[in-house]
Amino acid sequence: MSEWLENFRIPIGDWVESVVAWIQDNLTGLLDGIAAVIGFLTDSFEGALMALPAWLLGLAIIALGWWRVGWKFGLFAVAALGVILGMDLWEQTVETLSLVLAASTVALAVGLPIGIAMARSDLVESLIRPVLDFMQTMPPFVYLIPAAIFFGLGTVPGAIATVVFAMPPAVRLTNLGIRQVNKEQIEAGLAFGCTRRQLLTKVQLPLAMPSIMAGVNQTIMLALSMVVIASMIGAGGLGNTVLTGIQRLNVGLGFEGGLGVVILAILLDRITQSFAPGRRG
Amino acid sequence: MNDAPMIEVSGLYKIFGSNPDAAMPLIEEGRGKDEIFDKTGQTVGVHDAELSIREGEIFVVMGLSGSGKSTMVRLLNRLIEPTSGSIRINGRDVTSMSHKELIELRRRDLAMVFQSFALMPHRTVLDNAAFGLEVAGEDRDKRRERAMEALEQVGLDANANSYPDELSGGMQQRVGLARALATDPSIMLMDEAFSALDPLIRTEMQDELLELQRRQARTVVFISHDLDEAMRIGDRIAIMQDGRIVQVGTPEEIVTQPANDYVRSFFYGVDISQVFTAADIMDKQHLTVVERPGMGVRAALESLRRHDRDFAVVVGSDGHYEGIVSADALARVLNESDEPGFRDAFESVEPVPTDGLLDELIGRCADTAAPIPVVDGDGRYRGAVSRSRLLRTLDRTSDASSEATENAGGSHE
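First to last, the sequence lines map onto chains A and B.
Residues 1 to 281 (the numbering used here) make up the first sequence, in order.
Residues 1 to 413 (the numbering used here) make up the second sequence, in order.
Simulated from the structure, these hints should not be mistaken for laboratory data.
C-beta: ideal position from N, C-alpha, C; glycine also.
There is no bait here: all hints are sound.
One-sided excerpt, in silico: chain B residues whose CB lies under 8 angstroms from chain A:
no., residue
1, Asn77
2, Leu79
3, Arg107
4, Ser116
5, Met120
6, His122
7, Gly132
8, Val135
9, Ala136
Isolated chain A (complex conformation) (with noise of 0.2 angstroms):
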């Protein structure tokens, strides 16, 4: 007995790596498929906001974060680019601010149908909700390894990782606030002969915006910190500082690097928030 529970081993590293090779072998097609259309994403939102004069982007952050949050978030955000800029931290910082840009984009365009489609059917919902369960336990470091098999080293595995990482709450916030909307107010819809889908336009997803709108505040504030892992398997960005800092124990660039990415977090996490609805739409 003893015995047989010394050799008892169930193989699920070894079933998950058959699986991995099988996927290599056999739908390179696909995986090819998603790395062109994200590396499309990252190289357009890095090439467009590199383009732009540093002291141009700047000033349109400075202006966003004035007019949606106020004139003394717009005074922050003055200094926190100054910081960026002093730190030498500013091609870094534009180069995460794409990825995560690039990353929050597709797990918002996967995410938000999938959780439409949650709050539409028990049955998916009962299906998808301990994928999301198993999505967002499952530590973040080991999205690295598929993707770095699937697609190589470089920016295009780092922005897949950071979907698969930041689309949870997406999906679950949508389809959470879809599902709160209050019965009279579904009830009138239908009363007045909307269709499903003028129901959903024109009843549920408004009234479900302040979820939907925190959902993909935390998309975005997800993508940022796992953009900043990402830089493990080459993701560059300010993630490479900080593993720099790191590798090398240089606690002045590890913290130079962590100081970028939370200046970068307040700036997005104010200003998307500042997107979500009040009391009306």
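Once you've looked at the hints, dock chain B against the given chain A.
Chain B alone, transformed into the frame defined by chain A:
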């Protein structure tokens, strides 16, 4: 108004639960709602309903909560799918309609007004009123024009560009009403449409509905749990109990020939002091004065004398109950004080909650000549019960029915 039935319901059943077939044999055996639930886990919502609603009448469906009246109204536009039976609207069989036909019917012929208003907070008042037309694919200018006309009918055209949360409850429900009127439906379904409103606003809205009916008589199916309301606006009333329709008739018929004790209990119940709450018998039109700058003791006294009343209820501008004053006390305060205030004239009367039973009221009434104010959970004034009103309610053998008949007759002046 002609006698052709606009809505015809026959043999209509709604059974909630996963296995309605299990409940049907028990229903046929004549088992009760509770017994069927115990045995099969299925809930009988509506039991063998027969209704014939005429064009242009206000038809009130009345019953206590859980009697199936809300289910009934939702079966008419199939927000709830019937289990069996037939519904005909304008001669067309609604139960067999395809999804597409049903949507057309809802867009053209049936509009609904909800207890919680169910407005869309992200839309302006105008766009809320235009909702039905928008859904039906009416172009922007046309639907705004018609929505504006509907808002004018309910007196809200000046608020067209406001948002619902900027309006009071009564005004919000006017928007709900305008949304229903804008599609020019032949039938309006009103589910406890005025139940969430303050008593004064509620009466106002009932008058408004009667006025709208005078101008253009639509077929109105009105759900209510409130006897006063049913009597006031109903051309005919159906009373529901445990999913069954136990009686249909004019207000007079229901009062003078109640079909069973349940119906009778609405007027002079079996053990009335245990059945009726303060809210059921209170007088919602009792003289009130709103405490605000400019409404002083002198003005209140004048108002009391003009209406030939002894007592007035003082209500804060937010609807909260403040106190009760008598004409005598007001006159005394005016004489004694340089700066007369209501507070000096308040009677020592504690209000009762809306769900307080008559038992409680009897004790209070014995202690004071003043009417007993009724307040809801938030301390807002709802109505008052005078000693004579209480006595008339308790004296079920004589005056109760004639008083109810009087109310019913008086409502259509």
